[in-house]
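Take the sequences, apply the hints, and build the full model.
Here is what each chain is made of, one letter per residue.
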Amino acid sequence: MRIAAALALALAALAFPQATKSGPCDRACLESFADQYMDALIAHDPRGLPLSAKLKNTENGQRLDPGDGFWRTATAKGKYRLFVDDPQTGNVAMITTMTEATGPQAVQVPIAIRLKIENRQIAEIETFVVRTGLSGGTGAKELETLGNPNPLFLSAIPPAERASRDDLIKTANMYFSALEKNDGKGNYSFFADDCERLEDGQQTTHNPNFRTGSGFAAAPGGRGAPKQAEPAPPPVAGFNPATLGCKEQFASGYFHFVTRIRDRRFVAVDTERGLVFSFVFFDHAAGKYRSYKMADGTDASSGPTRPWTWELAEMFKIENGKIRRVEALLDQVPYGMLSGWSTWEEGMSSEPR
Amino acid sequence: MRLTPIAAAVVLASMVAAQSKSGSCDRACLEAFVDRYLDAVIAHDPSKAPIAKNAKFIENGQKLPLGDGLWNTMDGKGTYRLFVTDTEAQEVTFLGSISEEKTPAMIALRLKIANRQIAEIETFIQRSPSSAQGFERIGYKWTDPVPPSERMSREDLIKVANMYFTGMQQNDGKGVYPFADDCNRIENGSNSTNQPTPPGQKRPDPKTATGYSGQWGCKEQFDSGLLHFVTRIRDRRFVAVDPERGLVFSFIFFDHSGGDTRNFETPDGRKVTAGPAQLWTWQLAELFQIEKGKIHQIEAIMERVPYGMPSGWSDWESGLSDRGKDATGAK
Chain A
1 MRIAAALALA LAALAFPQAT KSGPCDRACL ESFADQYMDA LIAHDPRGLP LSAKLKNTEN
61 GQRLDPGDGF WRTATAKGKY RLFVDDPQTG NVAMITTMTE ATGPQAVQVP IAIRLKIENR
121 QIAEIETFVV RTGLSGGTGA KELETLGNPN PLFLSAIPPA ERASRDDLIK TANMYFSALE
181 KNDGKGNYSF FADDCERLED GQQTTHNPNF RTGSGFAAAP GGRGAPKQAE PAPPPVAGFN
241 PATLGCKEQF ASGYFHFVTR IRDRRFVAVD TERGLVFSFV FFDHAAGKYR SYKMADGTDA
301 SSGPTRPWTW ELAEMFKIEN GKIRRVEALL DQVPYGMLSG WSTWEEGMSS EPR
Chain B
1001 MRLTPIAAAV VLASMVAAQS KSGSCDRACL EAFVDRYLDA VIAHDPSKAP IAKNAKFIEN
1061 GQKLPLGDGL WNTMDGKGTY RLFVTDTEAQ EVTFLGSISE EKTPAMIALR LKIANRQIAE
1121 IETFIQRSPS SAQGFERIGY KWTDPVPPSE RMSREDLIKV ANMYFTGMQQ NDGKGVYPFA
1181 DDCNRIENGS NSTNQPTPPG QKRPDPKTAT GYSGQWGCKE QFDSGLLHFV TRIRDRRFVA
1241 VDPERGLVFS FIFFDHSGGD TRNFETPDGR KVTAGPAQLW TWQLAELFQI EKGKIHQIEA
1301 IMERVPYGMP SGWSDWESGL SDRGKDATGA K
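Chains A and B supply the protein sequences, listed in that same order. Counting in my numbering, the first sequence runs from 1 upward without gaps. Counting in my numbering, the second sequence runs from 1001 upward without gaps.
No wet-lab data here; the hints were simulated from the structure. Warning: the hint list may mix true and false statements.
[As the list claims (entries may be wrong)] The calculated SDA-like cross-link candidates involving lysine to any residue, where the alpha carbons are at most 20 angstroms apart (straight line), are:
no., chain 1, residue 1, chain 2, residue 2
1, B, K1063, A, R260
2, A, K288, B, S1213
3, A, K170, A, G321
4, B, K1063, A, T343
5, A, K181, A, N240
6, B, K1271, B, G1211
7, B, K1271, A, T102
8, A, K54, B, W1316
9, A, K56, B, P1310
10, B, K1056, A, W344
11, B, K1271, A, N148
12, A, K56, A, K247
13, B, K1077, B, A1055
14, B, K1102, A, S291
15, A, K79, A, N148
16, B, K1102, A, S302
17, A, K54, B, T1103
18, B, K1063, A, E346
19, A, K56, A, A40
20, B, K1056, B, N1115
21, A, K56, B, L1320
22, B, K1271, A, P104
23, A, K56, A, T102
24, A, K247, A, H206
25, B, K1063, A, G347
26, B, K1063, A, M348
27, A, K181, B, P1065
28, A, K170, A, T102
29, B, K1063, A, R63
30, A, K56, B, G1319
31, A, K56, B, W1316
32, B, K1063, A, A40
33, B, K1056, A, M348
34, B, K1056, A, S342
35, B, K1219, B, V1176
36, A, K79, A, D35
37, A, K77, B, G1259
38, B, K1077, B, T1103
39, B, K1202, B, S1213
40, A, K54, A, T89
Shown next, in the form of structure tokens:
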């Protein structure tokens, strides 16, 4: 009798390992949830996932029922995977690639995922699929060509040099504050000298081959309307910011046309590796905000010619208080769009959270 | 008691003010608000339009502070202007061409007027120059009155317009499609029905085609069952009705869910795969001209937005629902 009961318990434990495991979900546990989620997307079936009863699910800023949206179209996982694991809060965030649709119409897409794990169940799902982005839809190919993230992201910070969560977020937020209405006059010492940035798989620092024009491709017209390409904004004569490093770009004052960086949500922090993962929006109000003076006094007229918002997943590698790597996924969304995780006031605010 | 000239002027002014604030705004009055609003946008100055203090402002589905969005970039009005004016609901809607940073664009605009002030502002900007140029070239006027004896009720006009959406959503070719024989549709400035067959080509046959054709008429397209891939037409807000002219103005979203929803059967049993392979939502303003229960003309502007996006005017449940809603606010 006793043995039978013990056996039943043991069997139950085997059948429901999640339910019986206790304690925080560590790095391996968090990352395994990300794989379970992606596998369920590909199976087009949320039923096998350990979903919390109070699950909240958004995709590209929109609340959807699990099973709708990318659940219907995802078909394969990619190889490129960059995690920010945060066992303390139960959040796991990642940048990776997946395939959408099948056959000749299959397309690789960059994707950012955030899951919040509570009691070994998924309580929050936030998915961001980039279908055009800065690279005109080639972002996933760029990432897959790289193969793996820069090894810097995986290296552990020596315990004595580790920054606190708050300090890591503070440093990451300096990036956004300096970029918003950038005037080249700030203190940009939060950048390490060797800082580089990757956006939708393309290096946008020290890269003379980067063409910003591709980032301003308009959404295609309606049925019956031909595809219409938005003309690239005229660059400032003789100045290509992509040739510069992080600090020099910010010191130039070129990015003044980024009028508002809002809904700054720092959603996962990995103190061991010095990583911060955020979701944010960059608003470009256009109009008079396109005309400004660069730091050296040059009159500039640049940036999108109409109200333009980028939705972004942006992550930072920070060592000794300095940003060494920035990696982002971005895609255009309606101007002023919210994340689905904030009130309107929070969503329009430049305050970090 | 004799009034001094100044006192008389004050009394007179207050009488005029009272008179102009009371009573409803007629067609000319409502339509004048559109120009007052657009002129203020061009001036980049919300104080130049009579906007109520707590007016709600939504542009392309997003709540924005007044003065943001198009307020920063619009620099002129275009030549295409079409009104659907709803005197009963005190709503005026407008589809027109505009200039933004010297580039043509289209605007769908809805203003709700209360106490001779703008109480709600809904704008939808569709940004492709060819669309605005197309509407200026071929767009409809829709100013002719329907003979009084033939006028339809508000409810019936909305019902017919909603049959269009119901017939298109998961279209199977077997529904009731209330199209007049001369029905034509303009989407983003181009005819998306009744296009001439290009020289040297054969007009696609709905019995053998695997995708719907812009060369077909409205009814032919719906009868084909080939529009099945429009998975969900949701948040169907009928925001202005003009029974005098037989017009209905709506804002809606078309979701294309991809995956298995692309596989379907035509009415004659052929298996077809069609529609966007990646998730795709159109945000639309769609307008109908209806006579004697039949749709004669349709105009729409549409822009791709994130899949599942809401309008900013509905709760989540009704935003995802495919039920038609009289959202005019008429009593």
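Outcome of the hint check:
no.	hint	result
1	B:K1063 to A:R260	holds (15 angstroms)
2	A:K288 to B:S1213	violated (44 angstroms)
3	A:K170 to A:G321	holds (9 angstroms)
4	B:K1063 to A:T343	holds (11 angstroms)
5	A:K181 to A:N240	holds (18 angstroms)
6	B:K1271 to B:G1211	holds (12 angstroms)
7	B:K1271 to A:T102	holds (17 angstroms)
8	A:K54 to B:W1316	holds (16 angstroms)
9	A:K56 to B:P1310	holds (17 angstroms)
10	B:K1056 to A:W344	holds (13 angstroms)
11	B:K1271 to A:N148	violated (42 angstroms)
12	A:K56 to A:K247	violated (38 angstroms)
13	B:K1077 to B:A1055	violated (23 angstroms)
14	B:K1102 to A:S291	holds (16 angstroms)
15	A:K79 to A:N148	holds (8 angstroms)
16	B:K1102 to A:S302	holds (15 angstroms)
17	A:K54 to B:T1103	violated (47 angstroms)
18	B:K1063 to A:E346	holds (13 angstroms)
19	A:K56 to A:A40	holds (16 angstroms)
20	B:K1056 to B:N1115	holds (15 angstroms)
21	A:K56 to B:L1320	holds (16 angstroms)
22	B:K1271 to A:P104	holds (18 angstroms)
23	A:K56 to A:T102	violated (28 angstroms)
24	A:K247 to A:H206	holds (11 angstroms)
25	B:K1063 to A:G347	holds (11 angstroms)
26	B:K1063 to A:M348	holds (10 angstroms)
27	A:K181 to B:P1065	holds (18 angstroms)
28	A:K170 to A:T102	violated (43 angstroms)
29	B:K1063 to A:R63	holds (17 angstroms)
30	A:K56 to B:G1319	holds (17 angstroms)
31	A:K56 to B:W1316	holds (13 angstroms)
32	B:K1063 to A:A40	violated (34 angstroms)
33	B:K1056 to A:M348	holds (16 angstroms)
34	B:K1056 to A:S342	holds (19 angstroms)
35	B:K1219 to B:V1176	holds (10 angstroms)
36	A:K79 to A:D35	holds (12 angstroms)
37	A:K77 to B:G1259	holds (16 angstroms)
38	B:K1077 to B:T1103	holds (11 angstroms)
39	B:K1202 to B:S1213	holds (12 angstroms)
40	A:K54 to A:T89	holds (17 angstroms)
The structure shown violates the earlier hints numbered 2, 11, 12, 13, 17, 23, 28, 32.
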